[in-house]
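Please work from the sequences and hints to get the whole structure.
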Amino acid sequence: MEDVLATTDGIIDVHGADQEALVEILREVNEVSGHLSREQMQRIASRLSLPLSKVYSVASFYSLISLEPLGKHVVRFCQDAPCHVVGGQQVWEALEHELGIPFGATSLDGEWSLLTTSCIGACAVGPVMMVDSDIHGNLDPQKVREIIARYRGEERSGGIV
Amino acid sequence: MIRSTVLVSGDPISLSRGAEDTRLAIEAELAFYGLEDEVRVGYTGRVNRTDVLPVVVVYPEGIVYGPVSPETGATIVSEHLYKGRKVEHLLVSAEVASAEIDTLGVAEDTLYAQKRVVLKRAGTIDPYSIDEYIAYDGYFALGKALTSMTPGEVLDTVKSSGLQGRGGAGFPTGLKWTFVAQQPESPRYIVCNADESEPGTFKDRLIVEGDPHAVLEGMALAGYAVGASEGWIYIRGEYAMAKDILNHAITAAEELNLLGDNIMGTSFSFHVHVHAGAGAYVCGEETALLNSLEGERGIPRIRPPYPTVYGFRGKPTVVNNVETLANIAPIILNGADWFRAIGTERSPGTKVYTMLGDVALSGLVEAPMGTTLREIIGIYGGGMKGGKAFKAAQTGGSSGTIIPAELLDVPMDFASMREKGVGLGSGALLVCDEDTDIVDLAYVLVRFFKTESCGKCTPCRVGTAQMLEALDRLRKGMARRADLERLEEIATYVQQASFCGLGQAAPVPILTGLQYFRSEFESRLRD
Numbered sequence: 001m002e003d004v005l006a007t008t009d010g011i012i013d014v015h016g017a018d019q020e021a022l023v024e025i026l027r028e029v030n031e032v033s034g035h036l037s038r039e040q041m042q043r044i045a046s047r048l049s050l051p052l053s054k055v056y057s058v059a060s061f062y063s064l065i066s067l068e069p070l071g072k073h074v075v076r077f078c079q080d081a082p083c084h085v086v087g088g089q090q091v092w093e094a095l096e097h098e099l100g101i102p103f104g105a106t107s108l109d110g111e112w113s114l115l116t117t118s119c120i121g122a123c124a125v126g127p128v129m130m131v132d133s134d135i136h137g138n139l140d141p142q143k144v145r146e147i148i149a150r151y152r153g154e155e156r157s158g159g160i161v
Numbered sequence: 162m163i164r165s166t167v168l169v170s171g172d173p174i175s176l177s178r179g180a181e182d183t184r185l186a187i188e189a190e191l192a193f194y195g196l197e198d199e200v201r202v203g204y205t206g207r208v209n210r211t212d213v214l215p216v217v218v219v220y221p222e223g224i225v226y227g228p229v230s231p232e233t234g235a236t237i238v239s240e241h242l243y244k245g246r247k248v249e250h251l252l253v254s255a256e257v258a259s260a261e262i263d264t265l266g267v268a269e270d271t272l273y274a275q276k277r278v279v280l281k282r283a284g285t286i287d288p289y290s291i292d293e294y295i296a297y298d299g300y301f302a303l304g305k306a307l308t309s310m311t312p313g314e315v316l317d318t319v320k321s322s323g324l325q326g327r328g329g330a331g332f333p334t335g336l337k338w339t340f341v342a343q344q345p346e347s348p349r350y351i352v353c354n355a356d357e358s359e360p361g362t363f364k365d366r367l368i369v370e371g372d373p374h375a376v377l378e379g380m381a382l383a384g385y386a387v388g389a390s391e392g393w394i395y396i397r398g399e400y401a402m403a404k405d406i407l408n409h410a411i412t413a414a415e416e417l418n419l420l421g422d423n424i425m426g427t428s429f430s431f432h433v434h435v436h437a438g439a440g441a442y443v444c445g446e447e448t449a450l451l452n453s454l455e456g457e458r459g460i461p462r463i464r465p466p467y468p469t470v471y472g473f474r475g476k477p478t479v480v481n482n483v484e485t486l487a488n489i490a491p492i493i494l495n496g497a498d499w500f501r502a503i504g505t506e507r508s509p510g511t512k513v514y515t516m517l518g519d520v521a522l523s524g525l526v527e528a529p530m531g532t533t534l535r536e537i538i539g540i541y542g543g544g545m546k547g548g549k550a551f552k553a554a555q556t557g558g559s560s561g562t563i564i565p566a567e568l569l570d571v572p573m574d575f576a577s578m579r580e581k582g583v584g585l586g587s588g589a590l591l592v593c594d595e596d597t598d599i600v601d602l603a604y605v606l607v608r609f610f611k612t613e614s615c616g617k618c619t620p621c622r623v624g625t626a627q628m629l630e631a632l633d634r635l636r637k638g639m640a641r642r643a644d645l646e647r648l649e650e651i652a653t654y655v656q657q658a659s660f661c662g663l664g665q666a667a668p669v670p671i672l673t674g675l676q677y678f679r680s681e682f683e684s685r686l687r688d
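As they're listed, the protein sequences go chains A and B. At position 17 of the first sequence the residue is numbered 17 (our numbering), and the sequence of numbers has no breaks. In our numbering, each residue's number is its place in the second sequence (first place is 1) plus 161.
Derived by calculation from the structure, the hints in this document are not laboratory data. Among the hints, a few may not be true.
In the EDC-like style, the derived pairs of lysine to aspartate or glutamate whose C-alpha atoms are separated by at most 16 Å in a straight line are [unchecked claim]:
{"id": "1", "chain 1": "B", "residue 1": "K546", "chain 2": "B", "residue 2": "D596"}
{"id": "2", "chain 1": "B", "residue 1": "K476", "chain 2": "A", "residue 2": "E20"}
{"id": "3", "chain 1": "B", "residue 1": "K404", "chain 2": "A", "residue 2": "E111"}
{"id": "4", "chain 1": "A", "residue 1": "K72", "chain 2": "A", "residue 2": "E111"}
{"id": "5", "chain 1": "A", "residue 1": "K54", "chain 2": "A", "residue 2": "E24"}
{"id": "6", "chain 1": "A", "residue 1": "K54", "chain 2": "B", "residue 2": "E455"}
{"id": "7", "chain 1": "B", "residue 1": "K476", "chain 2": "B", "residue 2": "E346"}
{"id": "8", "chain 1": "B", "residue 1": "K552", "chain 2": "B", "residue 2": "D598"}
{"id": "9", "chain 1": "B", "residue 1": "K549", "chain 2": "B", "residue 2": "D598"}
{"id": "10", "chain 1": "A", "residue 1": "K54", "chain 2": "B", "residue 2": "E595"}
{"id": "11", "chain 1": "B", "residue 1": "K546", "chain 2": "B", "residue 2": "E580"}
{"id": "12", "chain 1": "B", "residue 1": "K549", "chain 2": "B", "residue 2": "E595"}
Anything over 12 Å on all C-beta distances counts as not near chain B; from chain A, calculated [unchecked claim]:
{"id": "13", "residue": "T7"}
{"id": "14", "residue": "A21"}
{"id": "15", "residue": "E24"}
{"id": "16", "residue": "G71"}
{"id": "17", "residue": "A105"}
{"id": "18", "residue": "A122"}
For every residue, glycine included, the Cβ atom is placed at its ideal position computed from N, Cα and C.
The following block contains the structure:
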């Protein structure tokens, strides 16, 4: 807990304890911790001299910020029209089938969260999904199975594969 | 002594196809031949034809290879850079254009006759090098303005150029600037809207990733014209690479005194800050963006007062799109008449499009305003994929309109499109062939708005949910004629009663879909 709050403090120090930096602080803390805990929001509120309700209100608004713990790997599949018209529906079904969870859920073993995202601006290689911070394009059901297997097989993070 | 420069495309698409390994292989091969001091290797951000990514561009010849793997990258080094022989079979193929394409986008009017104003440098320079930007006329316009023009003259030039906002609405840029310049209050601010979230649109990302200084120079010129000394770039949280490039560019410009205090020794100072969002489509709406910039929920404010009067921190603020700002320096450098000679009378200049869907070639295209959709698809897109028939195009992202085949020959500029009841929007062109299910397409488009509705106003929050439910019943064959009538009614209410552009746009796919493809909707009815 102390570590997590120290990280939170570090991020606040970089941006300055000012409400204008609140959205960036929340996103970065979330990025480092995987989600935003009540303790972290309390720390941000007290450092920025804001009511906790304000911090919660802003944090709950943005889709890149999660108030619930997510799985070890987070899949964000683009559900918008450009990806849809090039076979997105089949990929959607393949993801649910492969991970054994519906969209919006986290697997019981805490390994996977399956979420949707709005357009991530990689439309020319649709259908597109993000696994953690990696972008995968030109997806089809077969490729989905291969990609998921790769993450199951090895630990990895960062970069675009 | 550097004799050649090799640029590897470093956009996300190229990186997803192994561009990083290609670059490493090229560097290793250069070291093997002892060429590492003679050949400089860098990344470039531009995408033109996505089918040939990753590309490798060799300068000074301007030869373009693609797609390049680590193995073929090594071949390019041993053959082209070491032995001096062009590797014919790795050149970007010219399957569509009649001319041979081995100088992809280097010379204007060679590739698909693209007219490049905004994308002139993107892809030909290293976005991390301010020197390369300067070598291509970079910061000349700012120098010209600061040393030989008054702020009023800069403003007048932009006004008489006829430039219209490229974010979608097409509002005259010069007029917007004038409103801010006329305000008695100060400080004033320049905000660059880089919260590009319209599905199918990624032009702003590629402009920023390919030519970041063009945006910064445009902002500084805007600041000079309206009397602002501080600017903010609001970029979406998902665009990590673009953000990094911008921050790097700002630091480089400050070191050379092209941004910061007393720019080029004059009394004009201008500072730029980058602020990243955290995932919310509605923040592309300018007042929602300003709220988010101030650390609030990104919900829209009531207008008027417009940001030109009551903007960032309650002060007069110019909010311009990335592409709009990238047009400013060329206009100041070449003059309003030069700009007016491009495009149409009512919409001068060019437009950057992202072409997607069932076309042979997808990617980024810059064409003069007034180019028709048929020309864009036929000439730039290489025709329909698999020779199928065109059914509809969806312009301007989800908030755009569905365009049927009968409008293929309408000149694409803001006024002409508006006259036909359709919109140019952000520049996304989602092309759909004969197999496309229009009801299903409308469902997906409306689902986007239901997800992204911020919840502030009832017509949008509740209306998008009701429209989505009705469309779902329709596509499953469960709806009756009365349900379709009800859907149309709700769509009209949502369009008229919503608080901001998001809600007003949400019913457009339904309404334009019904206007042009009513029989498809009716064929799904139970009765």
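Status of the hints after comparison with the structure:
{"no.": "1", "hint": "K546(B) to D596(B)", "verdict": "12 Å, holds"}
{"no.": "2", "hint": "K476(B) to E20(A)", "verdict": "15 Å, holds"}
{"no.": "3", "hint": "K404(B) to E111(A)", "verdict": "30 Å, violated"}
{"no.": "4", "hint": "K72(A) to E111(A)", "verdict": "5 Å, holds"}
{"no.": "5", "hint": "K54(A) to E24(A)", "verdict": "15 Å, holds"}
{"no.": "6", "hint": "K54(A) to E455(B)", "verdict": "13 Å, holds"}
{"no.": "7", "hint": "K476(B) to E346(B)", "verdict": "7 Å, holds"}
{"no.": "8", "hint": "K552(B) to D598(B)", "verdict": "10 Å, holds"}
{"no.": "9", "hint": "K549(B) to D598(B)", "verdict": "15 Å, holds"}
{"no.": "10", "hint": "K54(A) to E595(B)", "verdict": "50 Å, violated"}
{"no.": "11", "hint": "K546(B) to E580(B)", "verdict": "30 Å, violated"}
{"no.": "12", "hint": "K549(B) to E595(B)", "verdict": "7 Å, holds"}
{"no.": "13", "hint": "T7", "verdict": "17 Å, holds"}
{"no.": "14", "hint": "A21", "verdict": "7 Å, violated"}
{"no.": "15", "hint": "E24", "verdict": "6 Å, violated"}
{"no.": "16", "hint": "G71", "verdict": "18 Å, holds"}
{"no.": "17", "hint": "A105", "verdict": "17 Å, holds"}
{"no.": "18", "hint": "A122", "verdict": "6 Å, violated"}
Hints 3, 10, 11, 14, 15 and 18 from the list above are not met by this structure, while the remaining hints are.
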